[in-house]
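Enquirer: Listed below, chain by chain, are the residues.
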Amino acid sequence: MSSNAVEIESLSKMFPAPGGLSRFTVLESLSLRIERGTFASLVGPSGCGKSTLLNIIAGIETHDSGEVHIATQDGGKSNARIGYVFQSPRLLNWLTVEDNIKFALEAQNITRANWGERVRKYLDLVGLAGQEHNYPLKLSGGMQQRVAIARALAIEPDILLMDEPFSHLDEITARKMRVDLMHILEHAKPTILFVTHSLREAVYLSEEVYMMSVKPARIFKHLRVEIPRPREPEDPRLFDLEKDLVREFFSVLEHDQR
Amino acid sequence: MIGLLLLWHVVSLFFLATFLPSPAELLTRVAAIFSNPSAYRVVGKTLERILAGLVLSMLIGAAIGLVMGLRRAVASFLDSWIMVLLTFPAISWAFLSVLWFGISDLAPIFTIVLIVFPYVTMNVWEGTKAMDKELTDMAMVFRANRFLLLRKVLIPQLMPYIFSSLRISFALSWKIALVSEAFGAGLGVGKELMYWFQGIRADMMLAWGVSFMVLMVLIDLLVLRRWEQRVFSWRQAAVA
Chain A
-14 MSSNAVEIES
-4 LSKMFPAPGG
6 LSRFTVLESL
16 SLRIERGTFA
26 SLVGPSGCGK
36 STLLNIIAGI
46 ETHDSGEVHI
56 ATQDGGKSNA
66 RIGYVFQSPR
76 LLNWLTVEDN
86 IKFALEAQNI
96 TRANWGERVR
106 KYLDLVGLAG
116 QEHNYPLKLS
126 GGMQQRVAIA
136 RALAIEPDIL
146 LMDEPFSHLD
156 EITARKMRVD
166 LMHILEHAKP
176 TILFVTHSLR
186 EAVYLSEEVY
196 MMSVKPARIF
206 KHLRVEIPRP
216 REPEDPRLFD
226 LEKDLVREFF
236 SVLEHDQR
Chain B
67 MIGLLLLWHV
77 VSLFFLATFL
87 PSPAELLTRV
97 AAIFSNPSAY
107 RVVGKTLERI
117 LAGLVLSMLI
127 GAAIGLVMGL
137 RRAVASFLDS
147 WIMVLLTFPA
157 ISWAFLSVLW
167 FGISDLAPIF
177 TIVLIVFPYV
187 TMNVWEGTKA
197 MDKELTDMAM
207 VFRANRFLLL
217 RKVLIPQLMP
227 YIFSSLRISF
237 ALSWKIALVS
247 EAFGAGLGVG
257 KELMYWFQGI
267 RADMMLAWGV
277 SFMVLMVLID
287 LLVLRRWEQR
297 VFSWRQAAVA
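Just so you know, the protein sequences line up as chains A and B, in that order. Just so we're aligned, residue -14 is where the first sequence starts under our numbering, counting upward by one. Just so we're aligned, residue 67 is where the second sequence starts under our numbering, counting upward by one.
Watch out, some of these pointers could steer you wrong.
Unchecked claim - One-sided excerpt, in silico: chain A residues whose CB lies under 10 Å from chain B:
no.: 1; residue: Gly44
no.: 2; residue: Arg66
no.: 3; residue: Gly68
no.: 4; residue: Tyr69
no.: 5; residue: Arg75
no.: 6; residue: Leu80
no.: 7; residue: Ala89
no.: 8; residue: Glu91
no.: 9; residue: Lys123
None of these hints come from the bench; they were simulated from the model. Note that beta-carbon positions come from the ideal geometry of N, C-alpha and C, so glycine has one too.
Make the full structure from the sequences, and use the hints.
Expert: Set out below in structure tokens:
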């Protein structure tokens, strides 16, 4: 068995164009492999199809051709467990923090006997111990997103998808969340596919960075960030890396437009 | 308030107490009615019918509204039929149900359900249009089954619509119950109103009407509103 958690093979996706007569290609023959336990980022401009790709992996969007394969712990006998952290928390506001996490556990048919322990462990990990019985609307935006992260981690997913999870937060909160995420991942080590339009965020968090261009989306660059983790957000090596990537990105963009 | 009572008192001086009683006279009538234990049986009977009609209307109405919201084909089929029911004269149901069911509990309950459930359906159907697709997607990603999706994601989003339907339905139900009972019940507050109407006793009709109204307002305030507040306590968190 390969050690890949996710294998995407020449995936294509078309959407009907506005008006409905023609179709345009969002993803064209896109391939991607993510090794088990790796933090991989997908970076690209808005509207390049990053979220579409995540939704196809998550099974809430169809694709036209190609294959998506997610390795499961029991070697494919059961459905893959997919954790998803969206841009907005998407919590069930009428349920307590604890019950929001239990919702995911129940959906995944995880034995009821383990619920209490899972809730405690992952709320603790995201720094929300003691908030079990609070309602989401009583929490700040950052705390709500932490609940969403705990919910996604609690099912102990085969792949954790994160779609610009910090983009709705103010920069100070977002920075703290990134640092905390880095520490959380020392304790839980899921395979992560993280989508962002921020190169800085990608190089800070990831072990692997994939850069995407637009229309149709393709991956034009794959890079391994060799700096050991946990990292300092202000590490000068990260800035250098970011600068190089920005330069490269714009040259590809200009080339595409010609 | 005091001024209004005073005006009522002065006007009532020009009429017979049985035509327009003064506030004090009305109170003595109310006291007289409820000093007789059989009055409680009359009120209890009417409350039973209101409760049965209301519960059935809510269940049928909400179920149909939900299915219409989830299945477009059902919605386009039922849409015009619900409109037909809504526009059919309410009083016709009251008479028809007496013809069909005779003097029984069924007549008022049937009348309530036919008049009230279409309102519930329209309201809940409207609610399904406001449901958040993003939450459904979230539930799908985590592989919630249909039952879990319905229980924890969809129905909670409909609760505001269900509660507004409930309070309107309650107000409608008790008014319909009295009208229907006037024609088709052996025992009930509506029957009492009919009895005193035939005896040309406006004072007794007012006494029954006012005391029943007070009871209904109390139920609305003490039961329905409190229940609503408890169900939506998660919202108050937003204010804090």
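Enquirer: Confirm or reject each hint.
Expert: A quick look at each hint next to the structure:
Interface hint status for A/Gly44: upheld, as the beta-carbon distance to the closest one in chain B is roughly 7 Å, under 10 Å. The beta carbon of A/Arg66 is positioned within 10 Å of a beta carbon in chain B (closest approach about 8 Å), and the interface hint is therefore held. For the restraint placing A/Gly68 at the interface with chain B, the shortest Cβ-Cβ distance is roughly 8 Å, inside the 10 Å limit, so the hint holds. For A/Tyr69, the shortest C-beta to C-beta distance to chain B is roughly 5 Å, which falls under 10 Å, so the interface hint holds.
The restraint placing A/Arg75 at the interface with chain B holds, with a minimum CB-CB distance near 4 Å, inside the 10 Å limit. At about 7 Å, the closest approach between the beta carbon of A/Leu80 and any beta carbon in chain B falls short of 10 Å, and the interface hint on this residue holds. Hint status for A/Ala89 relative to chain B: holds, with the closest Cβ pair at about 5 Å, below 10 Å. Given hint, A/Glu91 at the interface with chain B, holds; its Cβ is 6 Å from that chain's nearest Cβ, closer than 10 Å.
A distance limit of 10 Å between C-beta atoms decides the matter here; for A/Lys123 the minimum to chain B is near 4 Å, and the interface restraint holds.
Taken one by one, the earlier hints all hold for this structure without exception.
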